[in-house]
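Based on the hints, put chain B in the right spot on chain A.
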Amino acid sequence: MSRVASSRDSQPDGPTGGSALSLRGVQRRMGRELVLAGIDLEVAPGRLVVLRGSNGSGKTTLLRLLATRLGPHAGTASVFGHDLVREADAVRRRVGLLSSSGGSYPVLTAAENLSLAMSLTGKGSQTAAGAALERVGLADAAAKQVRYFSSGMKKRLGLARQLLLDPELWLLDEPHAALDEEGKRLVDECLTEARSRGRTVLLASHEQDREYLAPDAVVELAGGRLRLVEQAREVMPS
Amino acid sequence: MTDVQAVMAIARKDLLQELRSKAATVATVFFTATTLLMMAFALGRDQGVLASSTPGVLWVALVFAGVTAAAQSFQSDLEDGAFDQLMTYPVSRAAVYVGKLTANWLYLSVLGVLLAPVAVTLYGASVPGPAAYGLVALTVVLGAFGFAIVATFYAALTANLQAREALLPVLMFPIVVPIVLAAVRATEGALTAAGAPVWDWLLLLAGFDLVYFVVCAGLFHFVVDE
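Residue numbers (this note's numbering), protein chains in the order written: chain A, 1 to 238; chain B, 1001 to 1226.
Just so you know, not all the hints are guaranteed correct.
Sample of chain A residues facing chain B (criterion: CB under 8 Å; computed from the structure) [claimed, not checked]: (1) Thr-68; (2) Gly-71; (3) Arg-92; (4) Arg-93; (5) Val-95; (6) Leu-97; (7) Ser-99; (8) Ser-101; (9) Gly-102; (10) Gly-103; (11) Tyr-105; (12) Pro-106; (13) Val-107; (14) Leu-108; (15) Leu-116; (16) Leu-120.
Away from chain B, derived, C-beta distances all over 12 Å, residues of chain A [claimed, not checked]: (17) Gly-25; (18) Gln-126; (19) Asp-140; (20) Ser-196; (21) Glu-220; (22) Gly-224.
These aren't lab readings, by the way, just hints derived from the structure by calculation. Every residue, glycine too, gets a C-beta built ideally from N, C-alpha and C.
Bound-form chain A, shown alone (with noise of 0.2 Å):
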């Protein structure tokens, strides 16, 4: 098991405390094909880890499972001492997803896609929403429908829901991605800032060695399963 560790471990963050998310021998076919074959992972909270791994290794498919849109096929997991599946509901406001794609709804401008993320998660203000825009450099375009964005505006809008949301588990696949340099930089930035406010990162990515992104950890999915590819601060693998 890896396990990312820190020392905030002590601070209650659920029914059990302790982790912000636990993975144990987590399995998940996607049809006949075994895409994670046994994930063990324990991270505390406020750590920043980057999940890496090549195209199709299975990225996607652990950050969907921790978002409760796929269940494990075998082994337990929970966020915050949230069961994935039991307590699915528990889970899902304490997570955040940001999307490959951006997960926004093309015919609505970008602040409504704000507005109907607060209807429905309680969270978040008018105020804040606009702030969020303006953070990511969209507040000309927030009254403008998504459909004509480009790749990097819908990025950029994905970031804001983050922000305006500010989820206690961060998940991200592949954020940098479609972005200018501009553009990864305020990721690592607004990813950074996360973690200063104790919140939990993990992010699927592909960027190596970004000048503003310290990662607490760096593990890799392969076959499968995860391995501990480096280490900034406690790190035990089991």
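Chain B only, in chain A's frame:
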């Protein structure tokens, strides 16, 4: 965040999307107009046959339009992973279902209420009095609800399939037969001033709606959660 608020937010979102894109509107309006005209040609010039066919033709047009509208409501959701995002929010699956169902129901009801007088005029059906229009409108609302219940459920079930356009009607039409039958009979009763049987059919329609609603809302999470 209550389930009622979530239902309202999702229904408003779906209706706003349709208002902007008009994807379902363009398809269904042309389709229903074509169906009414083609059936009129097919049934011949016998005024009695045309008038007595009005309820059946009206519901055939509405049913096929409803399939198109329901399928479209999920297609726009699937673009850019928006539905996946929606499902990561702390909203019950039943609320998502009822939200989408509400939008489909309202859309079909408006279409049906607008289509009924057109069908009556085109087919030369005699209307006993103003109250008949009220009964037809009530039938449309109840029938559209029942149809939307099944269509929304099966549209979600087939949304990710390649052959969804062929599979959706094949899967759902056998299920909606009781609803269509009751709706046609109630419409027929309203247009012929049949009296009591209209209410019997409307009660039956309401009963089907209730049963289908409970079953589909309860099973929806099996359809959208993998």
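Query raised in the report: Hint by hint, which ones does the structure fall short of?
Result: No numbers; nothing is violated.
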